[in-house]
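Trainee: In order, the protein sequences belong to chains D and H.
Residue numbering for the first sequence follows the working numbering, beginning at 64 and increasing consecutively.
Residue numbering for the second sequence follows the working numbering, beginning at 64 and increasing consecutively.
Misleading hints may appear alongside valid ones.
Unchecked claim - BS3-like cross-link-like pairs, simulated, lysine-lysine; straight-line CA separation at most 25 Å:
#, chain 1, residue 1, chain 2, residue 2
1, H, 401, H, 214
2, H, 214, H, 158
3, D, 438, D, 158
4, H, 250, H, 204
5, D, 100, D, 88
6, H, 394, H, 250
7, H, 100, H, 185
8, D, 401, D, 438
9, H, 185, H, 340
10, H, 88, H, 100
11, H, 307, D, 363
12, H, 250, D, 332
13, D, 250, H, 332
14, D, 401, D, 214
15, H, 363, D, 307
16, D, 204, D, 363
17, H, 438, H, 158
18, D, 171, D, 204
19, D, 171, D, 100
20, H, 307, D, 250
21, D, 340, D, 185
22, D, 100, D, 185
23, H, 313, D, 363
24, H, 250, D, 307
25, D, 340, D, 171
26, H, 250, H, 401
27, H, 340, H, 171
28, D, 363, D, 398
29, D, 307, H, 394
30, H, 363, D, 313
31, H, 313, D, 250
32, D, 158, D, 204
33, D, 401, D, 250
34, D, 394, H, 307
35, H, 438, H, 398
36, H, 250, D, 313
Stated by the list, open to error - Here chain H is said to cover these stretches of chain D; the calculated rule only asks that three of the stretch's residues, wherever they fall, bring their Cβ under 8 Å from a Cβ of chain H:
#, segment
37, 184 to 194
38, 322 to 334
39, 354 to 363
For the record, the hints were derived by calculation from the structure and aren't laboratory data.
For every residue, glycine included, the Cβ atom is placed at its ideal position computed from N, Cα and C.
Protein chains: 2
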Amino acid sequence: MGAPKVMSTERSVGVVETRFYEHRKPVSLESGMILEKAVVAYETYGTLSPSRDNAVLLCHALSGDAHAAGYHSGDSSPGWWEDMVGPGKAFDTEKYFVISSNVIGGCKGSTGPSSPNPATGKPYGLSFPVVTVSDMVEVQKLLIEHLGIEKLLCVSGGSMGGMQALQWVVSHPEVVSSCIPIASTYKHSAQQIAFDEVGRQAIMGDPAWRSGDYYGHAGPVRGLAVARMVGHITYMSDRSMEEKFGRILKNSVLGYEFTQEFEVEGYLKYRGDSFVKRFDANSYLYITKAMDYFDLTREKSLMRVLGAARCSRFLVVSFSSDWLYPSYQSKEIVKALKMNGNDVTYCEISSDYGHDAFLLEFVEETRLVRHFLDKVMRDGRRC
Amino acid sequence: MGAPKVMSTERSVGVVETRFYEHRKPVSLESGMILEKAVVAYETYGTLSPSRDNAVLLCHALSGDAHAAGYHSGDSSPGWWEDMVGPGKAFDTEKYFVISSNVIGGCKGSTGPSSPNPATGKPYGLSFPVVTVSDMVEVQKLLIEHLGIEKLLCVSGGSMGGMQALQWVVSHPEVVSSCIPIASTYKHSAQQIAFDEVGRQAIMGDPAWRSGDYYGHAGPVRGLAVARMVGHITYMSDRSMEEKFGRILKNSVLGYEFTQEFEVEGYLKYRGDSFVKRFDANSYLYITKAMDYFDLTREKSLMRVLGAARCSRFLVVSFSSDWLYPSYQSKEIVKALKMNGNDVTYCEISSDYGHDAFLLEFVEETRLVRHFLDKVMRDGRRC
Numbered sequence: 064m065g066a067p068k069v070m071s072t073e074r075s076v077g078v079v080e081t082r083f084y085e086h087r088k089p090v091s092l093e094s095g096m097i098l099e100k101a102v103v104a105y106e107t108y109g110t111l112s113p114s115r116d117n118a119v120l121l122c123h124a125l126s127g128d129a130h131a132a133g134y135h136s137g138d139s140s141p142g143w144w145e146d147m148v149g150p151g152k153a154f155d156t157e158k159y160f161v162i163s164s165n166v167i168g169g170c171k172g173s174t175g176p177s178s179p180n181p182a183t184g185k186p187y188g189l190s191f192p193v194v195t196v197s198d199m200v201e202v203q204k205l206l207i208e209h210l211g212i213e214k215l216l217c218v219s220g221g222s223m224g225g226m227q228a229l230q231w232v233v234s235h236p237e238v239v240s241s242c243i244p245i246a247s248t249y250k251h252s253a254q255q256i257a258f259d260e261v262g263r264q265a266i267m268g269d270p271a272w273r274s275g276d277y278y279g280h281a282g283p284v285r286g287l288a289v290a291r292m293v294g295h296i297t298y299m300s301d302r303s304m305e306e307k308f309g310r311i312l313k314n315s316v317l318g319y320e321f322t323q324e325f326e327v328e329g330y331l332k333y334r335g336d337s338f339v340k341r342f343d344a345n346s347y348l349y350i351t352k353a354m355d356y357f358d359l360t361r362e363k364s365l366m367r368v369l370g371a372a373r374c375s376r377f378l379v380v381s382f383s384s385d386w387l388y389p390s391y392q393s394k395e396i397v398k399a400l401k402m403n404g405n406d407v408t409y410c411e412i413s414s415d416y417g418h419d420a421f422l423l424e425f426v427e428e429t430r431l432v433r434h435f436l437d438k439v440m441r442d443g444r445r446c
Numbered sequence: 064m065g066a067p068k069v070m071s072t073e074r075s076v077g078v079v080e081t082r083f084y085e086h087r088k089p090v091s092l093e094s095g096m097i098l099e100k101a102v103v104a105y106e107t108y109g110t111l112s113p114s115r116d117n118a119v120l121l122c123h124a125l126s127g128d129a130h131a132a133g134y135h136s137g138d139s140s141p142g143w144w145e146d147m148v149g150p151g152k153a154f155d156t157e158k159y160f161v162i163s164s165n166v167i168g169g170c171k172g173s174t175g176p177s178s179p180n181p182a183t184g185k186p187y188g189l190s191f192p193v194v195t196v197s198d199m200v201e202v203q204k205l206l207i208e209h210l211g212i213e214k215l216l217c218v219s220g221g222s223m224g225g226m227q228a229l230q231w232v233v234s235h236p237e238v239v240s241s242c243i244p245i246a247s248t249y250k251h252s253a254q255q256i257a258f259d260e261v262g263r264q265a266i267m268g269d270p271a272w273r274s275g276d277y278y279g280h281a282g283p284v285r286g287l288a289v290a291r292m293v294g295h296i297t298y299m300s301d302r303s304m305e306e307k308f309g310r311i312l313k314n315s316v317l318g319y320e321f322t323q324e325f326e327v328e329g330y331l332k333y334r335g336d337s338f339v340k341r342f343d344a345n346s347y348l349y350i351t352k353a354m355d356y357f358d359l360t361r362e363k364s365l366m367r368v369l370g371a372a373r374c375s376r377f378l379v380v381s382f383s384s385d386w387l388y389p390s391y392q393s394k395e396i397v398k399a400l401k402m403n404g405n406d407v408t409y410c411e412i413s414s415d416y417g418h419d420a421f422l423l424e425f426v427e428e429t430r431l432v433r434h435f436l437d438k439v440m441r442d443g444r445r446c
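Just need the whole structure built from these sequences, with the hints factored in.
Mentor: So this is what it looks like as structure tokens:
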């Protein structure tokens, strides 16, 4: 939405390339299953300091990828967080070494259900093991180690990216100096699970899904488009939809037929149809499942879970009109951190953009993030 | 949800039957199309007074029918508004003659896309003309005339029922003494259109839909189930889902597979699968389209549209946690009525049930409706 139509290298990291790290040893997953090997797609921006103390890890949301900033050669659209990552920006690439990695289970270069199963040479499909947010983080840990980094100045991300950031401090508190979860939660609610399940049912109900074994065929394009349409409604707010579309008709009169007559219908259809060209339906199943499984409090209270992360500093951000990941979920994180004695700053940014705000409200986010990272860089861990 | 498991005739209208009125003349529709004839399914409860001044018309929501109260012979579940209609209840059948009619376009006895097309003898399918809320009301008007009723003491309904109630006072202000729109709106918003369009895309994207010509075949059961699942999420609130399901698992452990593992997933699947047994997919398309077309302000401001209804009394009700038909939409109606000089009472009932509250919060609703109808019966029209 905020993307420029032509490439602008001003304050941009410029042309970048996605790289790949192949971990050739088996990876044990939370389910008890084994992933024979794992490829991780990632990008880096900026320079690692000689003391290796300026690394920031960015984690993406459901449909994101490793391409957070800059431009791929020949592309006119930048990465998904271009407004936040670059020289002089919130994640200032003149100060920080920024790493952005694609999650396993996805379809953007990291190992996922569309990757070849080493045992058969054919795409995994549903034989790919179910992965969790914790598994995503463990594979990111392997990448970080591969890059020779022992400590992360910060882990941040919006939505599912925020879940990964929280999981990082819980799984590896000694590694992470600070954490910025944005528009996120410490556990998926019943409503969040429900929306994801509707998307999965739309995909799995499409006969072209063929129990996940559709590679080389058309695939469940109708089902995946419906899943994405549902998603888009939840990413916007009632008000932002009203302001953007209202009841505006594509043509000037009602047609009394079952086509996309309202602009909002056309927008959703377009978004759904575009999505199927760039996203794998099985990855949609796996990644939404990982989010639905996400619950840091499965075994103990949030305060106890965060106990070992007492020395990490937190900046928690939510948006007033985000009803998919409402502010109360962020406030629960903040409350547990406060009770835990953490250094935590919380801000609810006033915005009409709904959940999408984490990608759009970069001016406010920049102010918060820049100041916070300056402090973390200056003061280090809290203890 | 509040329905008793066994038939309870206490304060119930008891055993009732759906009846049918066949209007054998052509009906002109808002689109300019003609419906050759129209059947209306309806039920009545209570007794019409000798002066014919105690008739109350109830209008149903998307998936409702004429069976608002009492029990069909052999059934253990009562009508959809049993808690509100009966002797001594809000719509007191000892005082009022209550009429409940099924909308055209539906599949519960009134003419709709699954009815035989007189021209071919086969089900209409998509050759059924698109109908609007105004068309639904005009056909109800024919029913009322057939019943020998010239004036309605009140028209009421929740959700789409509220839209019909509002349309009644706009189309026939001289006929309607009072109006009780509940959890409703005077125009569908972009978000409301968007949710409906997702449902329609789920149905029309199902190959078994066959462009609407599926009668005699299995039909788009997967697509319709997905549409209903989306609907159910929007009918509940985040909090009511959390309280009812939370993250409770159907089995005690995560299965790491793509089945319904969480109770909320099982509930949605069950609701979706049950719905397809009782509802026609094409009717889902037609009725949601009618709602999306609903906009009383297409040609002039709400205040001007309501101008001729100045003498009708209004009770407008909304629910605090209803995010599908949020209170602000009801408040806009109230504001226009106030500016118009109408006699209007507004109440936002505090409830966690979301949009479903209009079916569940009958204690509060009863208090409001009973008092309001007493006043209308006693004082008549405002002018």
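Trainee: Would you mind marking each hint as holding or not holding in the structure?
Mentor: Now the hints, each set against the structure:
Note on residue 401 of chain H and residue 214 of chain H: the hinted pairing holds, with a Cα-Cα distance of about 24 Å set against a maximum of 25 Å. Between residue 214 of chain H and residue 158 of chain H, the direct Cα distance comes to roughly 16 Å. Compliance with the 25 Å bound is thereby established for this hinted pair. Straight-line distance between C-alpha atoms of residue 438 of chain D and residue 158 of chain D comes to about 13 Å, which keeps the hinted pair within the 25 Å bound. Taken as a hint, the residue 250 of chain H and residue 204 of chain H pair is honoured in the structure, with Cα atoms around 22 Å apart against an allowance of 25 Å.
Distance hint between residue 100 of chain D and residue 88 of chain D is fulfilled; the C-alpha atoms sit about 5 Å from each other, no more than 25 Å. Only pairs whose Cα atoms come within 25 Å are accepted, and residue 394 of chain H paired with residue 250 of chain H is accepted, the gap being roughly 13 Å. Note on residue 100 of chain H and residue 185 of chain H: the hinted pairing holds, with a Cα-Cα distance of about 15 Å set against a maximum of 25 Å. For the hint linking residue 401 of chain D to residue 438 of chain D, the alpha-carbon distance of about 18 Å falls within 25 Å, and the restraint holds.
For a cut-off of 25 Å, the pair hint linking residue 185 of chain H to residue 340 of chain H stands: about 21 Å separates their Cα positions. The hinted pair formed by residue 88 of chain H and residue 100 of chain H meets the criterion: a straight-line CA distance of about 5 Å does not exceed 25 Å. Simply put, residue 307 of chain H and residue 363 of chain D have alpha-carbon atoms about 21 Å apart, close enough for the 25 Å limit, and the pair holds. For the hint linking residue 250 of chain H to residue 332 of chain D, the alpha-carbon distance of about 22 Å falls within 25 Å, and the restraint holds.
Restraint check: the Cα-Cα separation between residue 250 of chain D and residue 332 of chain H comes to about 22 Å, which is no more than 25 Å; the hinted pair holds. Straight-line distance between C-alpha atoms of residue 401 of chain D and residue 214 of chain D comes to about 24 Å, which keeps the hinted pair within the 25 Å bound. Distance check on the hinted pair: residue 363 of chain H and residue 307 of chain D sit about 21 Å apart at the alpha-carbon level, within 25 Å; holds. Distance hint between residue 204 of chain D and residue 363 of chain D is fulfilled; the C-alpha atoms sit about 24 Å from each other, no more than 25 Å.
As the CA atoms of residue 438 of chain H and residue 158 of chain H are separated by approximately 13 Å, the hinted pair is consistent with the 25 Å bound. Proximity of residue 171 of chain D to residue 204 of chain D is assessed by CA-CA distance (about 18 Å); at most 25 Å being required, the pair is judged to hold. At most 25 Å may separate the alpha-carbon atoms for a hinted pair to count; residue 171 of chain D and residue 100 of chain D meet this at roughly 16 Å. In summary, the hint linking residue 307 of chain H to residue 250 of chain D is supported, as the alpha carbons are separated by about 16 Å, within the 25 Å threshold.
Proposed proximity of residue 340 of chain D and residue 185 of chain D is supported: the alpha carbons are some 21 Å apart, at most 25 Å. Restraint check for residue 100 of chain D and residue 185 of chain D: satisfied, since their Cα atoms lie roughly 15 Å apart, inside the 25 Å limit. Under the criterion of a C-alpha separation no larger than 25 Å, the hint pairing residue 313 of chain H with residue 363 of chain D is consistent with the structure, at around 20 Å. Restraint check: the Cα-Cα separation between residue 250 of chain H and residue 307 of chain D comes to about 16 Å, which is no more than 25 Å; the hinted pair holds.
Distance check on the hinted pair: residue 340 of chain D and residue 171 of chain D sit about 12 Å apart at the alpha-carbon level, within 25 Å; holds. For the suggested pair residue 250 of chain H and residue 401 of chain H, the alpha carbons sit about 18 Å apart, so the restraint of at most 25 Å is met. In summary, the hint linking residue 340 of chain H to residue 171 of chain H is supported, as the alpha carbons are separated by about 12 Å, within the 25 Å threshold. Taking the CA atoms of residue 363 of chain D and residue 398 of chain D, the gap is near 16 Å; set against the 25 Å cutoff, the hint holds.
Restraint check for residue 307 of chain D and residue 394 of chain H: satisfied, since their Cα atoms lie roughly 22 Å apart, inside the 25 Å limit. A threshold of 25 Å between alpha carbons decides the hint, and for residue 363 of chain H with residue 313 of chain D the separation of about 20 Å falls inside it, so the pair holds. Of the supplied pair hints, the one linking residue 313 of chain H and residue 250 of chain D holds, its CA atoms being roughly 18 Å apart against a limit of 25 Å. Restraint check: the Cα-Cα separation between residue 158 of chain D and residue 204 of chain D comes to about 22 Å, which is no more than 25 Å; the hinted pair holds.
Taken as a hint, the residue 401 of chain D and residue 250 of chain D pair is honoured in the structure, with Cα atoms around 18 Å apart against an allowance of 25 Å. For a cut-off of 25 Å, the pair hint linking residue 394 of chain D to residue 307 of chain H stands: about 22 Å separates their Cα positions. A distance of roughly 21 Å separates the Cα atoms of residue 438 of chain H and residue 398 of chain H; the hinted pair therefore holds under the 25 Å criterion. For the proposed pair residue 250 of chain H and residue 313 of chain D, the alpha carbon gap of about 18 Å is at most 25 Å, so the pair holds.
Check on the segment 184 to 194 of chain D: 3 of its residues sit with their Cβ under 8 Å from a Cβ of chain H, so the three-residue criterion for coverage holds. Given a C-beta distance limit of less than 8 Å, the hint that chain H covers the segment 322 to 334 of chain D holds, as 6 residues qualify and 3 suffice. Check result for the segment 354 to 363 of chain D against chain H: holds, 3 residues qualifying (beta carbon to beta carbon below 8 Å, three or more required).
Checked against the numbered hints listed earlier, the structure breaks none of them; every hint is satisfied.
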